[in-house]
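Q: Sequence:
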Amino acid sequence: MSDSLRDAAAARTATVDRKTKETDIRCTLVIHAAGEESTCKVSTGIGFLDHMIDAFSRHGGFSIDLSCAGDLHIDQHHTVEDVGIVLGQAFACALGSGAGIERFGLMECPLDEALVKAVVDISGRPFLHYGVTYRRPFIGTLDSSLLREFLGGFVLHAKWTVHVDALRGENDHHIAEALFKAFARAARQAVKASGLSGIPSTKGVL
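Take the sequence shown: its position 64, counting from 1, is numbered 63 in numbering that gives the first Met the number 0, and each next residue is one higher.
Just so you know, the hints here were simulated from the structure itself, not pulled from any lab data.
For each label pair, taking beta carbons as the anchor points, the in silico distance ranges come out as:
(1) D23 / R134: 29 to 37 Å
(2) G46 / S96: 34 to 42 Å
(3) P125 / L195: 19 to 27 Å
(4) I73 / E169: 29 to 37 Å
(5) G34 / F103: 16 to 24 Å
Remember, it's a predicted structure, so these values are computed and weren't measured experimentally. Note that beta-carbon positions come from the ideal geometry of N, C-alpha and C, so glycine has one too.
Go ahead and model the full structure; you've got the sequences and the hints to work with.
A: Given below as structure tokens:
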């Protein structure tokens with residue numbers, strides 16, 4: 000496996016290239032300041048995953064340019080998990096030491112009958128609680144069980160603590176989209192500049 004990372008933490012941007020025998024991914028991330036417009040260009044070969052990353056980009060205020068060529072003829076698993084890994088690596092690079100960020104974020108996001116709660120702590124300690132279930136095995140063409148793998152890959156490589164819970168919902172599309180919007184909004188709060196210059200931890204390091 001070959002990973003090439005370009006860290007530009009001062010500008011809150013990062014580009015990650017990750018190529019394995021299973022996937023070939025390139026991602027450029029920009030974490031915008033308040034008032035700046037975000038853009039999203041994403042191509043993973045899985046339409047619903049592209050839709051969710053687009054929602055994450057727009058509701059988080061993150062510009063994402065991501066392309067993935069994966070072994071979809073075998074299964075979706077490698078593509079979905081590895082895209083999560085690369086996005087997590089991009090956030091880790093773009094935020095650097097974490098100095099000056101708010102660190103914590105919380106959002107409850109509805110979509111019609113669905114309501115999902117997301118809590119983010121940019122802690123330096125990867126942990127995912129995933130309290131979300133779906134009624135059907137697929138949303139569009141996406142294996143719905145792999146949404147957990149996406150977040151797991153993201154959390155492990157961003158080194159964030161993330162809790163997500165579906166509080167209610169009947170339509171799987173609504174639940175998944177509310178999840179990504181809530182996660183985006185909680186992440187947006189957590190990465191926001193606090194106005195302080197130090198590391199937001201009593202340990203002095205995240």
